[in-house]
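Starting from the structure of chain S, add chain G where the hints point.
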Amino acid sequence: MNDLIQKLVEAYGPSGFEDGMRALIRPEVEPYADDVSVDALGNLIVHKQGDGSGLKVMIAAHMDEIGLMVTHITKEGFLRFTNIGGVRPHGLWGSRVQFADGRIGLISSDRITDRSKIHGLDKHFIDVGATSAEDCPVEVGAAVGFARPFHANGKFLTAKSMDDRIGCVIAIEALKRLQNTPHDVYFVFSVQEEVGVRGALTAANALDPDVGLALDVTLTGDVPEAHPMSVSLGKGAAIKVKDSGMIAHAGLVKLMRQRAEEAGITHQLEVLDGGSTDARSIQIANGGAAAGCISIPCRYVHSQSETVHADDVEASIQLLVEILANPIEL
Amino acid sequence: MNTFKILQTLAETPGPSGYEREIADVITDLWQPYVDELVRDRVGNLIAIKYGSGVEPRRRLLLAAHMDEIALMVKQIVAHNEQGFLRVTPVGGVDRRHLYGQLVTVHGRSPLSGVLGALPNAMLPPERRNQPFDYEDLVVDVGLPLSEVEAQVSVGDFISFRQPLRKLQGKYVSGKALDNRASVTAVTHALEYLQTRTHTWDVVAVATCQEETRLLGAYTSAFSQRPDAAVAIDVGFGKGPGANGENVFDLGSGPVLDLGPNVHPGMFEALNDAAKALEMSVSVGTHQRGSGTDAYGLQVAREGIPTGLVSISLRYMHTMVETVHLADVERSGRLLGEFAARLDDQFINKLTAGLMDDEETESK
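Going down the list, the protein sequences come from chains S and G. The first sequence begins at 1 in the numbering used here and counts up by one. The second sequence begins at 1 in the numbering used here and counts up by one.
Bear in mind the hints are in silico, worked out from the structure with no lab data behind them. Don't be surprised by glycine CBs; every beta carbon is placed ideally from N, CA and C. Check each hint, because a few of them may be wrong.
Stated by the list, open to error - Below, a list of computed lysine to aspartate or glutamate pairs in the DMTMM-like style, where the Cα atoms sit at most 20 Å apart:
| # | chain 1 | residue 1 | chain 2 | residue 2 |
| --- | --- | --- | --- | --- |
| 1 | S | Lys254 | G | Glu150 |
| 2 | S | Lys235 | G | Glu150 |
| 3 | S | Lys254 | G | Glu22 |
Stated by the list, open to error - Quick list of the computed label-pair ranges, beta carbon to beta carbon:
| # | chain 1 | residue 1 | chain 2 | residue 2 | range |
| --- | --- | --- | --- | --- | --- |
| 4 | S | Pro89 | G | Glu303 | 36 to 46 Å |
| 5 | S | Gly102 | G | Ala79 | 48 to 58 Å |
| 6 | G | Pro120 | S | Asp114 | 38 to 48 Å |
| 7 | G | Gly101 | S | Ser53 | 51 to 61 Å |
| 8 | G | Val284 | S | Tyr300 | 50 to 60 Å |
| 9 | S | Glu261 | G | Gln288 | 41 to 51 Å |
| 10 | G | Ala79 | S | Tyr300 | 22 to 32 Å |
| 11 | S | Asn205 | G | Arg58 | 20 to 30 Å |
| 12 | S | Ser116 | G | His80 | 33 to 43 Å |
| 13 | G | Ala79 | S | Lys254 | 23 to 33 Å |
| 14 | S | Leu106 | G | Leu355 | 49 to 59 Å |
| 15 | G | Ala79 | S | Leu106 | 41 to 51 Å |
| 16 | S | Glu134 | G | Val300 | 42 to 52 Å |
| 17 | S | Asp19 | G | Val284 | 50 to 60 Å |
Unchecked claim - Chain G residues, not near chain S, derived (Cβ > 10 Å throughout):
| # | residue |
| --- | --- |
| 18 | Ser53 |
| 19 | Ser110 |
| 20 | His287 |
| 21 | Glu330 |
Extracted from the complex, chain S is given alone in its bound form (with noise of 0.2 Å):
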C-alpha cells in the first residue's frame, strides 16, 4: 500500500487545481466501480451499487492540497505568493515547491533582522531561476503545491499531504476491499476542501445522500506540549464525535464505535477543537445527512511532513468496510 500512497502523496494538486490528483485516482477506481463521473467543480464520484435494501451513503476524501498562488513576479524574476488553504510561514524558508507541470521552485524570504519573528507570508518569495520578470517561466496565477518525498519510518508514514490523500487511500483500498454492500455507496474524491469544504457541498447537493461520512486527518495530542487531546498515533482509526465545524450525528458516531468493537478493530474517540471536515458540508446540504468522519491521527497536520501511523490507516479502510457491508440502521 506504500506504493499508493507514495504515488498520491508526492502529486500535485493544490485546492481548484485537482485534475492530476483525479487522472492519478481514476485508474485505480474504475476496476471496481458501477460507474465513475466528473461534476463541473471537478469531483470524482465513484459509484457502488448496493442490493437495494441500505441507504444512500456518500464517502468523501478530499483530492486537493494546500499550496500557494503566485501574485506578482519581481523584476528580478522572483516571485511573491499567497496562501492556497492553511498554509503557515513558519517551516516555509528553504522549502522546494512544484508547478503544474513539474518545475521545481524553491522558497526564501526577505532578509531576516529580528530573529525572534517570522515574516509574514507577504516577505517570502520563490526562485525558479529566473533572471527577470521578462525570462520567468511561471505566470501569476500559478498554483503552487509542495514538494517532498515520502518516507516511511517503520510503520510511522511521512509526507506532504497526507491531508487528505491518505484518505483518498483509505477510499480507494475500502472500495476493493468491499465485495458486497446493501448501500448504494458513492466514493467522492472531493476538491476544494482546503478552502472551505467546498466540493463536497456540491457534491452532496448532487447526491443527497442520507449518511455522509468523511475521511479526513486529525491532530493528535502525543507531542510535547501539545494541545489537550486525547488522540493518539497508533492508537487506531479516530471516530469523530465533534470538531470545531460540527457535530457528528450521534446514532452514526454509536453504530461506527459498535461496528469497531464487533470487528475488533482498534478505535478512538476523536473531540477536536480547531479544524473540520467534508462532512460539515455533507451535514448542512439540501434536507440535511447523518453525517460522521473517520478520522485519522496526524501529527505535524499542514507542515511539509504531516506523519500517519500504518496501523491506524488499515484500521481505518477495515472500519470502512465493515460500516459499508453492514446495514446502518441510526
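Same frame as chain S, now just chain G:
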C-alpha cells in the same frame, strides 16, 4: 396553559446541540395534541404540522424555535492520584467566565452528577487570580476512581448543566436554556392559539437542532419543508444594569420584532399588523449583517424564503441564570398565532408587490 410549568419542564430537560433526542421527546408530548403530523428528520429536527383550512396545495408558514442548548463535551479523561477527572470543551457559545463552580450532569453510560472545579484564588499565583479559568484549568469531578470513570465515561460524552428553573418576583423566571426554550414555549402557545382560530395556511412548527453551533436545523428544515414564509423565534438582549442603550429592551414590554438583512420587510410589517390587531405593544430591534439566529439560515434555503424574526428579551444570556418575563413568552406566542391566522391567499403576492412599489418610489 401553565407557562411556568411548561418552561420549567423544557428548560430542565437536557438538550445539548447534536443530542436533542430527550428534549425532542418532551416537545413531542407537548405539541402532539395540537398538530396533525409530527416527524423527526435525519439531522434531529422535530417537525410538527398543523393543517390549514385552505384547499390543497396550501401555502405553508414555518415557525422555527431551536431546542438545543449550549453545553460541554468530554475531551479527555485525566488521572490524578488514581482519581479520574474530565477535561471538557464547549458546545456552542459557552461563557467560560461562569463555569467554575457549576453543577453538571455527565451523560455517560448512566447520568453522573459532577461539579466544575479548579483551584481557589488562594492557591493561584497572584497574576492568575480573579480571572476566568481556561478550559485547560477546569475539570469536571464526578467523585470516582479513574477505573470507574473510564468504565462509565467516554471521550465525546456530553455534559449538561444542572440548574432548576426558579421564579424570581413577579413574572420573572430564571434558569438555564431559556435560550431558546422560552421560544419553544411561545410556539406552544401559538399552536394552542390556533386551535380556536381558522387559518388557511399550513403551520409547520419546527423545534430546530444545532442552532447554537451552526444553524443546522434552520438550513435543513427550511430546505425539506419548502415553506412560503418563515419566522424564527429566539431570545434577544434585554435591558438591565449596564445595558440601557440601543437595541436592548425591557423585560415585560412585549415581543421584539427585528428588522435587518435577515428579515423581509413585508414579514416585519405583517407581524406588526398582527400585533396591532391584538393591541399588543411591541418593540423594534435591528441587526446588521447576520442576526445570529435561525433566520439567517431560513432566509437562504431553496429559492429564498421571506423570513421574519421575533425575539423574547432576556438578561444574562448564555449563563445558568438566563432571565425572562413570562408575559413576553405568552405574548410572543399569541402574536405568532395571530400572524399565522391572518395569512391569506394574497399574502405572498402582496409581499412581492410591496417590494416592487418601493423600487419604483426610489427610482423616482
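Evaluation of the provided hints:
no., hint, verdict
1, S:Lys254 x G:Glu150, "holds, 17 Å"
2, S:Lys235 x G:Glu150, "holds, 16 Å"
3, S:Lys254 x G:Glu22, "holds, 16 Å"
4, S:Pro89 x G:Glu303: 36 to 46 Å, "holds, 43 Å"
5, S:Gly102 x G:Ala79: 48 to 58 Å, "holds, 52 Å"
6, G:Pro120 x S:Asp114: 38 to 48 Å, "holds, 41 Å"
7, G:Gly101 x S:Ser53: 51 to 61 Å, "holds, 52 Å"
8, G:Val284 x S:Tyr300: 50 to 60 Å, "holds, 52 Å"
9, S:Glu261 x G:Gln288: 41 to 51 Å, "holds, 50 Å"
10, G:Ala79 x S:Tyr300: 22 to 32 Å, "holds, 27 Å"
11, S:Asn205 x G:Arg58: 20 to 30 Å, "holds, 27 Å"
12, S:Ser116 x G:His80: 33 to 43 Å, "holds, 36 Å"
13, G:Ala79 x S:Lys254: 23 to 33 Å, "holds, 26 Å"
14, S:Leu106 x G:Leu355: 49 to 59 Å, "holds, 57 Å"
15, G:Ala79 x S:Leu106: 41 to 51 Å, "holds, 47 Å"
16, S:Glu134 x G:Val300: 42 to 52 Å, "holds, 48 Å"
17, S:Asp19 x G:Val284: 50 to 60 Å, "holds, 53 Å"
18, Ser53, "holds, 27 Å"
19, Ser110, "holds, 16 Å"
20, His287, "holds, 22 Å"
21, Glu330, "holds, 32 Å"
When the structure is compared with the earlier hints, no violation turns up for any of them.
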